[in-house]
Structures are given as structure tokens and as C-alpha cells.
Amino acid sequence: VTWIATGPNEFGVGPEHIRRLLALTLEGTSHRNYTRRWATVGTEGDAAWASGEITIGARAGGRDIALPFRFSGTFVRIQGRWRIANFHQSVGDARQLGDTWDSLMDTVATEVRREQPPLAQQAAPDGMVTLLFTDIADSTGMAETLGDLRWMEILHLHNEIVRERVGAYGGFEVKTIGDAFMLAFQSARRAVLCAIDIQRAFSAYNREYVDAPLAIRVGLHAGEPVRDADDFYGKSVILASRIAGGAQAGEVLVSSLLRELVEAAGDIEFGAAREVELKGFAGTHRLFPVRF
Amino acid sequence: MKADPQTEAEILAVLDRLGAQFVSGDVDGSSTSFFLTKT
Chain U
1 VTWIATGPNE FGVGPEHIRR LLALTLEGTS HRNYTRRWAT VGTEGDAAWA SGEITIGARA
61 GGRDIALPFR FSGTFVRIQG RWRIANFHQS VGDARQLGDT WDSLMDTVAT EVRREQPPLA
121 QQAAPDGMVT LLFTDIADST GMAETLGDLR WMEILHLHNE IVRERVGAYG GFEVKTIGDA
181 FMLAFQSARR AVLCAIDIQR AFSAYNREYV DAPLAIRVGL HAGEPVRDAD DFYGKSVILA
241 SRIAGGAQAG EVLVSSLLRE LVEAAGDIEF GAAREVELKG FAGTHRLFPV RF
Chain H
1 MKADPQTEAE ILAVLDRLGA QFVSGDVDGS STSFFLTKT
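Order-wise, the sequence lines are chains U and H. Each residue of the first sequence is one higher than the one before, counting from 1 in the numbering used here. Each residue of the second sequence is one higher than the one before, counting from 1 in the numbering used here.
Among the hints, erroneous ones may be present.
As the list claims (entries may be wrong) - Under the rule of at most 20 Å between Cα atoms (straight-line distance), these lysine to any residue pairs were calculated in the SDA-like manner: (1) H:Lys2 <-> U:Ile84; (2) H:Lys2 <-> U:Thr74; (3) H:Lys2 <-> U:Glu53; (4) U:Lys175 <-> U:Arg190; (5) U:Lys235 <-> U:Ala264; (6) H:Lys2 <-> U:Phe87.
None of these hints come from the bench; they were simulated from the model. Remember, predicted model here, so these are calculated numbers, not experimental data.
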């Protein structure tokens, strides 16, 4: 049983939650009544639906109020009895809800993301792959400052933030290495968009968790690595990892190859090129920061 | 398909029972799912 009401934190599962929220919702009112104004009912076998309008009347603050709700519901017949599968009531006048709507929708969006079947690919992509590495800048110092328990809490939050974005952009989590993520995408463009979204999410996180800010480095490169089960090996993997290591805190840094792959779409902008030496690779590499 | 009179009466009875539970604050939560949203 799921209840979604109109205020912050008014989302929950189970009859106890519903009772508590009803008590809050109806607090201060008395002589409440329910009136069905009209309804249309349709059926198809053991399924039925209905829509219409009801009024909830109550006495509050010494006066009578009548709240009109539109509703729609679906029903199923189980062992000869009709039961509600889903019931939706909506307030016709948005002004009754005010700005609580935004906080409610944030809550709902978070819950939906948590409960929905993962959008992330269930298998690593084949062939040409864009590899994305993230890591937390100065994580050792953070762990020391915060202490192990608090650091683990922060790390879990970090992982949740990254995983939400990976799923949303159709990426595949190859593995985590300490506080670093290795991700793979079939689409180079979606990989870069995911990287941008990850950095924006951590900006938002840092505004909320001022005592434990996280600076993330993100690096991307595309190639055709050797695949073994759901992991990747080879030069392109190491290069992508090194690019992430070369990124500044809060930056998304990509190889020149990746820039060429995604720049045609025109919706991703890059900063000036940097010539960077990468450990284990000869010479310098031309890398580009993404502007966002 | 429009429901026949008996089915309609049964559905409306379920609806009205839900409405009564709603205003009394006594929802058993065993078979219902509410979505109260802005339109």
C-alpha cells in the first residue's frame, strides 16, 4: 500500500503510515463527510475502472469547508469481490497545494528511481565502448578527518549518487575500486552527459553536506578493450583511468578521440586543450575539459 | 465497456466505503493505493 500526499515527507508505505498521515491531514477538522457527486464506471472482464468527482466536507476553524476532488480508480475482481488496485484523487485547484509540490515530487522521484527496474544495462556493452572513471579527490584525507564510520556513510551516499546517474543514462557499472567507479557506455555522448550530471549532482550534494564536501574527478575515453565476462582490459581502460587521475577536482576530462566522437551533436562544449603526461604512457596526451 | 447496473453498484459501494474510511481516518490499508496529486 502506497500513500502519496501533498506535503514534504508525506510519502510512505503501509497502513500505519497511512493512518499517521490521515491524522495529520485531517487534524483540526470535525464533522467530516464524504459525498460522491458523480461517477462513471466501466468494465472489461474482471477489471473495472471508474472516474468522477467527490467532495470531502469538514468543519474547520468554525466554518464548513468543501474540498472537491476528481478521482480515477482501477479495480479487479478477486473471488467475486471487487477490490481497489489503484485510486487516484486530484485537487482541481493547484493553489491549494502551494510550493509543497516540488518537495513532494523530489521525494516521489527518489522513491521511483529506487524502486523501478534498473535502467542500466544488465550486461556490459560489446565492441566500441566509452569508459568512464570517477574517483574522489583527497579521499584518504577525508576519511581521516571524518573518521571511519562517518566516512562510510558519505561513501554510501556517493555510491548512490553515481549509481542513480548511471542507470538514468543507460550505463553499465563494471566495478568499484575503493571509492572509484569504472563505468561503460555504448553511447559516447550519453557517457559524457552522465559525467556532467554526476558532477552537478555532487555540486548539489556539497551545498547540503557542507561538513563533508566531495570533490570528484571524472575521466572518459573510448576504445575497443578486451572483454572478459563483465570486465574490460587493455590499453584503453588504463588510459581512461589515467585521464580521470589527471582531471582536476570537480572536472570532467576527456580524450581527444572522445571529444571528436561527441562534438558533432553540438550540445556538449569543451574548454581549451591541455597537453598532459599520463603515467605509463609515452609522450603527452591532448585532453579536453567539458564545460558545463 | 460501460458496466452493467449490478457491477456499477458494486464498484460504487467499494468507492463509498473508501470515502467513508478516508474521512474517518480509519483505513485498513489492505487493498488500497491512494495517489493524491496536483492536476
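Against the structure, test the hints numbered earlier, and report the numbers of the ones violated in rising order.
5
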